[in-house]
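Chemist: One line per chain: the protein sequences are A and B, in this order.
Position 270 of the first sequence, counting from 1, maps to 270 under my numbering, and the rest follow consecutively.
Position 580 of the second sequence, counting from 1, maps to 580 under my numbering, and the rest follow consecutively.
Be a bit skeptical, because a hint or two may be false.
[To be verified] Residues on chain A that point at chain B, a partial pick, calculated with CB under 8 Å:
(1) Leu59
(2) Phe66
(3) Gly67
(4) Phe128
(5) Leu163
(6) Ile166
(7) Gly180
(8) Thr182
(9) Gly183
(10) Met201
(11) Leu211
(12) Val283
(13) Ile381
(14) Ile394
(15) Ser421
(16) Asp470
[What the hints assert, rightly or not] Ranges of calculated distance between the beta carbons of each label pair, as one might list FRET restraints:
(17) A:Arg151 <-> B:Thr551: 15 to 25 Å
(18) B:Leu22 <-> A:Val8: 51 to 61 Å
(19) B:Ile106 <-> A:Leu165: 49 to 59 Å
(20) B:Met435 <-> A:Gly435: 33 to 43 Å
(21) A:Arg151 <-> B:Val645: 15 to 25 Å
(22) B:Arg692 <-> A:Val36: 41 to 51 Å
Hint data in this document are derived by calculation from the structure and do not stem from the laboratory.
Even glycine gets a Cβ: it sits at the ideal position worked out from N, Cα and C.
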Amino acid sequence: MILVWPIVIPMLTAALLLLLPNRFAAQRAVALVSSVVLLGAGLLLLARVLGEGPIAAQLGGWAAPFGITLVADILSAAMVVITGIIAVAVSIYAYGELEGADEANGHHALTQALLTGVCGAFLTGDIFNLYVWFEVMLIASFGLLVVGGGRAQIDGAVKYVGLNLIATLAFLSGIGLLYGTTGTLNMADLAGKLDGRQEEMAVLISAALLLFAFGAKAGMFPAFFWLPASYHTPSITSAALFSALLTKVGVYALIRTFTLVYDVDVPAVQTVLIWGAVLTMVVGVLGAAAQSSVRRILSWHIISQIGYMILGLAIYTPLALVGAIFYLFHHIVVKANLFLIAGVIKRLTGSEDLYKIGGLWKAKPWLGVLFLIPALSLAGIPPLSGFWAKLLVIQASLEAEGWLLAFFALAVGLLTVFSMSKIWLEAFWKPHPDGDDAVNGHVPWSMYLPIIALAAITIFIGLFAGMFVDAAITSADQILNPDAYINAVLGGS
Amino acid sequence: MTSTAAPATPEQAGIWRVVPALVLAIAAGWFATFLPLIAQGEYAEFVVPWIPSLNIELAFRLDALSLTFALLITGIGAICFLYASTYFRSDPRLKRLLSLLTLFAISMLGLVLADDAITLFVFWEGTTITSFLLVGYDHHKKSARDSALQALLVTGLGGLALLAGLILMGQVAGTYRISEWVQMGGIFRDSGLYLGMLTLVLLGCFTKSAQFPFHFWLPGAMAAPTPVSAYLHSATMVKAGVYLIARLSPALGGTEVWTWTLTLVGATTMIVASIWALKQTDLKLMLAYTTVMALGALVMFLGGDYYYATTGAVTFIIVHALYKATLFLSVGMLDKMAGTREVEALGGLRRAMPLTWGIILLAAASMAGFLPFFGFIGKELKYEGALGVASEPLLVASAAVLANALMVAAAGMVALKPFLGAQRSPKPAPSDPPMTMWIGPALLAVMGLTFGLFPDLIGPTLILPMAEVVYGGPVPVEVKLWAGVNTALKLSIATFLLGFVFYWMLSRIRQSLDKEVPRVADAAEGYEILLQGMKDLAAWTARTIQPGKMTSYLRYTFLLMGVLVWGAILIGTGGIDLELGDVPIFHSAIVAIIAVSTFAIVVTGSRLVAITALGGVGAGLAVIFVLYSAIDVALTQLLVEILVVVFIAVALLKLPRAGTGRLRIGDASISVMLGLGVTFGLMAVMSTPLDRTIPDYFEAVSYSEAFGRNIVNVILVDFRALDTLGEIAVVVIAAVAAVAALRGGGQEVEK
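Given the sequences, and given the hints that come with them, work out the whole structure.
Modeler: As structure tokens, then:
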């Protein structure tokens, strides 16, 4: 049962919220309570998985591979937990940020629907079911992009949904080919059925389609166009949610399918993944360096950081995979927080455009501290969480004698420092072009609270990295030796 | 009294101002209690596990080298903090300054005490970040912001290289404990990766310690307030690179490439910086360049594989920290009390600021290396070392003499020019500063004399144990003031003579330097070019990849998909083996409808036609579902299809008009390639036999266990009910989103 909750809770909440139109206070409270419950469910699930190893549930009582299986290993459960954390954070933030159109048009219900899709994607053991959750996510995120109702929102939403539909289409085609080849959709079953068939043409084509689909979802080069086109348009609350979770579901799907269903170490697949990852890192950070508005910089950074995670998967040593998993976890917290801070910056100074704002370090030193924590973490400065993430990936590159990969990982780190310092120099250090008094917006505590909490998590992960690394090691081990996972799903020996 | 840095506010009373200084002073006292232990060649250790699975520990180790640095960091720190609390007493940002300085002091202490390479790196980056924030203290000035960024990027670059180097060393050694590394030098030197790790580690050290060609960030960092410069950029942080070279020399040193690299880089830095120092008229900038010079000298002597060179280097670390911090703080006093740091605008202050002059004279004498100051001992040891180094004694010795002579001239400039001659200063009534400002520098200056007179206070207790740590073996050297008339002394005398000549000709030298070598090794220019190049590349990348046009995005997205599919087709094993049976005419007709509708979408110039044709495609697909008895699926398909059409219609209304539907060869090729690829994929799949386990199971149990005759329905509502639930959710969400989109459209039109 415990596997069902993270899907059922937000889904029922979404339905409930639709029954409360125009009662915004009630909507906010319900959304917040539901998010807290989701987090609790996630924590219970994680505790269970850490104790017992992978667990599975056969829905409708139909034994795998005939029905749909839900399954959680450490990676899945941890992703559900972090989803819960982000859900709580944005639910609180929404109290301070949202006004008018967003809520009237169903922001809260759409958010819960999005969470349903995200948790479903993390927990399903069935590749077609994964597709369904991707659709739920896509349509819910589209809704969140348009609830604000401006012209920029519609434009961003069209690009977003158009390009993502192509990825979804590729995903579906890939599943079709896969089913035609193997006659099954259960991922654990697929693992066995594809044993020794990895290089067959039909299998490889499906792998190519899924790689494309998940790569596009994750924001890999060169299929990330939808991301910088849309992430700066919706409300900060939604943008933070997107930045935290959407691309990471793509990364999760890549990790899951290319370890369980397909093999990364088919040379062609590995080469594509490695250089795709490097190009993603480099192009993403260059794109960020060219931007002059806070959220646009942050959006491009997502791409760059996704590259690190994919690189960890692509190198495919235990250490590298540990790095990818750690990176995934750390990045969600940090990136969501930076978007939330972008919202505070916008409130205080009146804009996100770095040329039009400034003066924050003088006026709001504590906001500066709050910004520095995730910003330095993102840039990989120790002892914050991002340092360990970067360290693991670089260690893995060097250990595998991937000198060039290590070089790119380091160089991109320097450029990340550069583009984060741009926000610092312009928004915090530079005097506000309209004088000191221009930093006068009112920011309620509900906007600061999640920022403080996420910053605390970042510091905590950094200082007590040991236990997180250990969990990531166990998780990577489960992924590289999927027997326990497969047994949990298919039962038997 | 007003501060030059910010608008004056009432003085900030309260004891909190001196608390950080007090804490550091107590820490210095605590560290001093370890002196007896260290003098015996012992060490203290503190280790807690941090990330056991990666072999990373929070390991700290106090030996002679780290103790020396710890004493400098806490002792000079206490003095600089006390000084700052007076210097900035009318500045509202004092609290922030002291917080940052404290954070820096902690980072710096951690750096020199760390015995785990990763722990060391953690603190190393800590100093980089706090230094960045301190250099940009006057952040309302663009120059301060630029300097801070420059320091951050240059030292950040080195930091990343260092990280890679340390990881490599860790992987070669199997441990991150530095105290183990220094005992296994052979492992590193024999490793195939030796050159790689050496380059990376030295890159980190050279950038941090401002070695040529990375030296330019340090004078830039003088944008920081004077107490900060005195503390970070003369006494402590800039020596972090030197510290690490010293620390790792038993592990990485002793090779030709080590000696030559350090000697050449150090010597070049030293000479270039001395010349630049003479060019300056801003006393603080001049001191900054002499700091670069001193760092070059340290690097050069650490490269000399000779225990005298090592002893000279470690002695000079202390000598330099004592006099340079004093001079920086004193120049700050001149700036504050007389109104400027420009040497040309100052003169005759000996009567107005006698204490300041006295302090500067003491420090400058040590800087110039006069007898009986501590600087003299340092210089003699360096000369002794220079003459004995294995590689190139003549080069090292002459470089050292030249640089020291320039140093004598520089000492004269700071100690004599502002104080002799007729009195002039921007402030009408200059005077000595309050006691809290001068007491610290005075203490340091007196120490420079005391250690010179009584070298036994520090020689056997600290300097020699430290030299042994760095040299990695016994050091048969005596630290004493008078070593008799030897070659080193003769070199010293030559140095003084040369130095006096330089001082005498200072203005002429400056003029000719300005004329002849306006751009001597101006690496800052290289930095600017690189930075601009990176920005241009970034702008080009963003422009090219993300031009904002959906057509471009679609083109590349489909191209990528096609390339991936074709890659799989070309690499994949097993061929296509397929026979098409009879196709009913009705099926062909539906396919034809879909094909024609698709073609219509592509070629039409009218959006209405395109949307309608899109509906045609969807309807055709729905009919195919009907043909295969999946009414439910077909209905869902139709419903979603209709919603999608509505969406797109709404969205398109808000977008600018599209161009004509003329055929683009490139785009057409992409679609044909992709279409063919997917078709091949389908054919490849149909060439493999279908595994019927699951369909057979469904057929077998759908009535007996799930009680439904329509297998598709049973699959939808029972076997795979979760999918259906999800799809229902999709429909509901789509409806909500559609309403939102439509409402949004209305709002926009109203505006």
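Chemist: Next, verify each hint and record whether it holds.
Modeler: Now for the hints, and whether the structure bears them out:
no., hint, in the structure
1, Leu59, "holds (5 Å)"
2, Phe66, "holds (5 Å)"
3, Gly67, "holds (5 Å)"
4, Phe128, "holds (6 Å)"
5, Leu163, "holds (6 Å)"
6, Ile166, "holds (6 Å)"
7, Gly180, "holds (4 Å)"
8, Thr182, "holds (6 Å)"
9, Gly183, "holds (3 Å)"
10, Met201, "holds (3 Å)"
11, Leu211, "holds (6 Å)"
12, Val283, "holds (6 Å)"
13, Ile381, "holds (5 Å)"
14, Ile394, "holds (6 Å)"
15, Ser421, "holds (6 Å)"
16, Asp470, "holds (6 Å)"
17, A:Arg151 <-> B:Thr551: 15 to 25 Å, "holds (19 Å)"
18, B:Leu22 <-> A:Val8: 51 to 61 Å, "holds (60 Å)"
19, B:Ile106 <-> A:Leu165: 49 to 59 Å, "holds (53 Å)"
20, B:Met435 <-> A:Gly435: 33 to 43 Å, "holds (39 Å)"
21, A:Arg151 <-> B:Val645: 15 to 25 Å, "holds (21 Å)"
22, B:Arg692 <-> A:Val36: 41 to 51 Å, "holds (47 Å)"
Checked against the numbered hints above, the structure violates none of them.
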